[in-house]
Structure formats: structure tokens, C-alpha cells
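Engineer: Letter by letter, the chains look like this.
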Amino acid sequence: MDLRDTPEEAAFRAELRSWLEENVPDELRGHRGGAARFDGPAMRAWSRALYDAGYAGLTWPAEYGGGGAPYTHQAIFLEEMARAEAPPHVGVIGLGMAGPTIMAHGTEEHKARYLAPILSAEEIWCQGFSEPEAGSDLAGVRTSSRLEDGHFVVDGQKVWSSFAHLADWCILLTRSDPESTRHAGLTYLIVDMHAPGVEVRPLTQITGEAEFNEIFFTGVRVPADNLLGEVGGGWQVAMTTLLHERGTLGFALQAALEVQVRKLIGLARDRGADQLQRDRIAREWIEMQAVRFTNYRSLSALMKTGMPGPEGSISKLVWSEANQRVTKLALEILGPDAALADGNAPYGGYWQYQQLRSRGNTIEAGTSEVLRSIIAERVLGLPKSR
Amino acid sequence: MDFTFTPEQAALREQAREFLGANPEPSWAQLAELGWTGVSIAEEDGGVGLTFVEEAVLFEELGRALYRGPYFSTIAVTLPALPAALRAEVAAGTASWTLALGPLVPDLDTADRVAVVGGDGIYELEGAEREVLTTTDESRSLGVVRGGQPGRRLADSTVLAEIEQRSQTALALEACGVARRALEYAIEYASTREQFGKRIGVYQAVSHPLADAYTRLELSRSLALWAAWCVATEDPQTPLAAAAAKASAAESAVAVCETSIQVLGGIGFTWEHELHRLYKRALGIESFGASGTRLRAELAAALLNEPKGRAPGSSQVPVSVTEGG
Chain F
1 MDLRDTPEEA AFRAELRSWL EENVPDELRG HRGGAARFDG PAMRAWSRAL
51 YDAGYAGLTW PAEYGGGGAP YTHQAIFLEE MARAEAPPHV GVIGLGMAGP
101 TIMAHGTEEH KARYLAPILS AEEIWCQGFS EPEAGSDLAG VRTSSRLEDG
151 HFVVDGQKVW SSFAHLADWC ILLTRSDPES TRHAGLTYLI VDMHAPGVEV
201 RPLTQITGEA EFNEIFFTGV RVPADNLLGE VGGGWQVAMT TLLHERGTLG
251 FALQAALEVQ VRKLIGLARD RGADQLQRDR IAREWIEMQA VRFTNYRSLS
301 ALMKTGMPGP EGSISKLVWS EANQRVTKLA LEILGPDAAL ADGNAPYGGY
351 WQYQQLRSRG NTIEAGTSEV LRSIIAERVL GLPKSR
Chain Y
1 MDFTFTPEQA ALREQAREFL GANPEPSWAQ LAELGWTGVS IAEEDGGVGL
51 TFVEEAVLFE ELGRALYRGP YFSTIAVTLP ALPAALRAEV AAGTASWTLA
101 LGPLVPDLDT ADRVAVVGGD GIYELEGAER EVLTTTDESR SLGVVRGGQP
151 GRRLADSTVL AEIEQRSQTA LALEACGVAR RALEYAIEYA STREQFGKRI
201 GVYQAVSHPL ADAYTRLELS RSLALWAAWC VATEDPQTPL AAAAAKASAA
251 ESAVAVCETS IQVLGGIGFT WEHELHRLYK RALGIESFGA SGTRLRAELA
301 AALLNEPKGR APGSSQVPVS VTEGG
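Order-wise, the sequence lines are chains F and Y. Under our numbering, the first residue of the first sequence is numbered 1, with each subsequent residue one higher. Under our numbering, the first residue of the second sequence is numbered 1, with each subsequent residue one higher.
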């Protein structure tokens, strides 16, 4: 047990920190978040700068253009990015979900074609899993694909798809066997978002912004080569994607929580906090440290045994509820000014936006209800409820 | 960065669990024979020369086993105040200690000697009368000392900060051991007990509170192990880590025990089942020393960079702790 950086980790951290100091554009630093931030050319340029400096895909194997670095470097990267309040690389879905899935299930041609442009932010990816009738229960997917003269023809509707309005490619879960039910008969495809028959409609959310989208597929022809895994074997491929969604998420969330708590403390210094609020501030600082060291435990187990520790499964659940409490507490500290928004509000409406956005945290990427069931059944070994 | 136990530390845990399972009421001499009383005492003083991380393993296991004896009061509380010759006695198992920090003195029924804080120093207390009080938690005694006078001077009172940090961390670790055992009882029961034709762990009204109990325990355990490492390495963040660990783990242990009692239903409410004894230790840990509310008030003062009265530690406190990992 040694919680300090190794000399090699310390060198990586120092180099990264000074690079960030020099390179994060001021207009992107500490942005309040949301969809708008990803739309402009500045975000692409920033992502490209991360790539050129070798910080995109740190843990990806070198043969695919990644850094081939250990997971501890990824953790340090996310901590330092949060510390610098730098925005993330725009290819969130590609880096965290599509890329790892292609590495695990793709052909050599897939890897050669798709991986490098994810890192360089030349191509953006979105995810087409959820449907109006298939939310937490993904086995209810209905979007159909049928093989016709060398193409899959895709019809159906997906929903809650982040980045779809910008995306070049979609990882799409379809039902290829109309007679099948549940986990059987699903097929996982790579779909060109610019193909005829693909229509993206933004979904305006509680914050007034459109971060998510609906995607409609009408007779979209997808080359048969764009299959990941086997026809009918889409469920296994989708599990790889979700494993990566939750697996790599922990450190990003912890780093984000660290920023929120730091800002909360700054807010309390600026505006004052009463005794009860101070108690809650201390609680949230303790919770943030607890998430941080729980992630460290899980990561250490991953480094030693190749498997993340079971305690890592709590990160997303704990973070989402902590972020809701922290942002609500910030509004309380703001007092009557909490009713104001955007430019009329203190700090440009940062906390008002963050508080509303945080309500999505316990829904997206696994609802809290699903996550509690996963902990109960897979970690504690309680009898299965379904 | 490595936050795992070494194979030797894992073996120590295994040994402790096995030994305490077979010997629920070990004597001080028995613990000395195992080397537990001298874990962090230097080899030249007759100890094993290891660190607080190894002691942390033992505190967790002793908490789990509801050990009754002067290990906490000697090793967590008094040890930093003892000069080398007296440490050698502790390592050899010929003396155990407690320290009267507040009016209620822990382990007063079993500790051989009593130390007191007086003026700028810590002294051995001689000729005092001891009265052991009735406590809800029967696995750790509390008592008061009356009369007596300071004997030999043991240490300067500057060691009090270290004593506080070790005590808070040890209590947090004990709390984690207590909570783990309580949670195991609840999981076992929910996995076998059937009602309405199903094992009750199937019902999310039962399983989700257990998932939350596990979550609270793991979060607190991460803090307790962080604090243990801080104590072992004299990290500048030790005061914060120890305060956070105690505030969090005591509260979590109480909550985990309460959930477990509820899951076991009537059985959990009986005197016969061990759960109530775990619960009472958790409550005892929560009320011992600084309360969660007071620790959080101190943390808030530190975080908001305000002048403090009795604050954890004396150094400037970084809001962000990213530096150095």
C-alpha cells in the first residue's frame, strides 16, 4: 500500500499539469457544461490538441494509436483535467464505448478504419441502444435489421442518444431475428449517420438544452461488413460496451465531483454558509474523498489482478446522488438569487444549470434502481429479482 | 499508487480471523505471543517493526470479533506517549495501558496502567481509584478514575495530536469490522429466509437497503484505510483523513447494523442474536471522542480556511487534494 505517485507517475502528472496550464483555451476553461460546448469548432480543435500531445486514448494499445499507458495514467489524466477545469475530448462515446468495443469484437479492417479518427476527433460517435420501449431493459430492443443483398436494412427508432446531432457513426443495437425475444436475435452494427434514411431530432431537456437526440432509421442500408460480432450475437457485444461505459466512468465522475465540491467551498467562502450548511459541506467533502479512495482501491485491484475490485461498482451510484446534493446545497447557499438564471444569476447561472442537469445523473448510464439491483445480485450475491 | 494489501498483510488478517474465531476472549499475553502488541514497535524495543497499516488490519478484525480488552487503549491511544522502555513492556505483553483523555476512560477494566494528561505533559497516574461504569456496549468498558497523583512523566503533550489521529482511525477501522459482520448476517438471512413463497432477498424493498448498506460500508472503509496509510506514513493530511474516517465509519456502522436488524426481523431484535452486540459497539464508537457533528464542524472550518479553535491538525488545508495523488 502506497498512495503516493510512483516517480514515473509523478513525472507524467507534472508534465501533463504544465501542458494543461499552457494549452487549455481560456474560453473553454470552467465551462458550465451541457451540449452547446461540444458544437463549436473550438471543441474539435481542443480535442485535436489533446490528440497531438498524446493524451487521447492513453490506455489504448499503441498499435491503434493510443498511449499504451497503464490505467493509473488514465486516472491521473482525469484528475488533472478536472483540476485544470479543462473540457473533455469531444469523442466521449468513441473513446469510452465504441473504440473499446471495436477493439474487442471488430475485424482488423474495422480497427484500421475506425479507431484512429476517434482519437484525432475527426469522427464523432454516438450510441443507439435505448428505445422508447427499451430503457433499463435493453433486451426489449425492437429496431430491426434484415440482411438483403449484402446490406442490413435498418428500420426503427432510438432515443437518449448523446452527440447524435454531431455524430458521424453510431454503434447500433438491432433485432435481426423478428421471431426472437429478449437477449437472443440481436445484432450489433456500425451505422453511418450521414446515410440516407437517418434522421436526428434533438430532445430538449429539463435544462432547455438539447444534449440528447432521437434517431429515426427508415430503410437505412448498412453494408454487411459493418457487423460487430456475430449476427444474433449482439447482446454479448453490447455488454462489452456497457462494461466500458461503467468501467472507465468512475475516475471521470470522481474528478467531476472534486471540481463541484471545490466550487461549492468557493461559493461558501464568497457568500457565507450557516452552521447547518457547513455541516453539509463537510459531509460532501468527506463523500468526495470516499469516492476517490474507493476508486483507488478498485483501480489497484485492476492493476494487480486484471479485474476491478467489486467496490468499483458503487462509484456511479454514489457520484450521481452526491452531485444532486452538492448542486442543491449550492442553490440553498445562493438564497433568493437561486431563482435567477443564466446571465442574471451569480456565476453565470452555473449552479442553476448544474442542479437541473444533475437530475439526469441518476437516470443516464444505468438508473440508480438498476445499479442497486446489480450491487445486490452481483456483488452481494442476493437471489435474482428477475 | 497502490491501494492493496501485501500478501503478508492479507495473511495477518487471515490469522487474526482464525485466532479470534477460536479465542473470542484472548488475554493480553496471548496477543503479545502473536506479536500483535508490538506490531509498530521498533525491533530494538522488542517489537515487530511494522506500521499502522498492519495494526489497521488488526483493528478491523478486533472490531469484527467484538474483542474486549486493552488493545485499543494501549496501541491506538497510549502508545505514542510511551518511552522506549515502556514500549518494550507492551511488546512483551507485560503491560497494557489506557489514557484518561476525557472523563470517560476506555478499557479501564483490563488496562494494567493509567496515564493522564496534565499541563504540558502526559504522566503515569499513580494511586488512583478506578470505577468501571455500566455501559450499553458490553464489549468495551468505560470508567472514571478518582484521586491519585502524577507519577513519572511519559511524554510531552505535543503527542496528543498523533494520539487523536490514531484513535479516530482505529475506531473507524473497528467500525468497518463491526459493519462487515452485521452485513454478512443480513445477506445470509436474506438469501435463505423465505416469505410469500420467495427468498426475501428477491424483494427490492429488502435488497436495495442492503446495497446501500454495502455502499456506505465500502465508502467508509476507503476513508479508514486512507487514514491508516496517512497515520503510517505521517502524511500531512492525516488530521483530515482521520476526522473524515471516524465521522463516516461510525455513522455507517450504525446504519448498517440498523438495516441488518430490520432485515432479520424479529430475530434481529432478540438478545440471543449477535447483531445487537455489534449494534451497541457501533453506537459506542459513534459516541466515543469527538462526534460526527463536531468532526464535520472542524473539517468545515479547515476547508473554509477559517481560524480554528480546536481544529484537526494545525497546518494549512488544501481544498483540493489532487497534489501528489
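Be a bit skeptical, because a hint or two may be false.
[Stated by the list, open to error] Below, computed lysine to aspartate or glutamate pairings styled on EDC-like, alpha-carbon distance capped at 20 Å:
1. F:K384 to Y:D212
2. Y:K198 to F:E377
3. F:K111 to F:E8
4. F:K384 to Y:E272
5. F:K304 to F:E8
6. F:K263 to F:D279
7. F:K304 to Y:D2
[Said to hold, decoys possible] Pulled from the structure, derived: some chain F residues nowhere near chain Y, Cβ distances all over 12 Å:
8. D2
9. R4
10. G54
11. S162
12. R357
These are computed hints drawn from the structure, not numbers from a lab. By construction, the Cβ of each residue, glycine as well, lies at the ideal position given by its N, Cα and C atoms.
Engineer: Are the hints correct? Go through all of them and say.
Structural biologist: Results of checking the hints against the structure:
1. F:K384 to Y:D212: Roughly 17 Å separates the two Cα atoms, so the pair holds.
2. Y:K198 to F:E377: 15 Å, holds
3. F:K111 to F:E8: 30 Å, violated
4. F:K384 to Y:E272: 30 Å, violated
5. F:K304 to F:E8: Cα-Cα ~17 Å, so holds.
6. F:K263 to F:D279: 16 Å, holds
7. F:K304 to Y:D2: This hinted pair holds, its Cα atoms lying about 9 Å apart.
8. D2: 5 Å, violated
9. R4: 6 Å, violated
10. G54: Nearest chain Y Cβ is 20 Å from F:G54, so the label holds.
11. S162: 26 Å, holds
12. R357: The claim stands: F:R357 keeps its Cβ more than 12 Å from every Cβ of chain Y (closest is about 22 Å).
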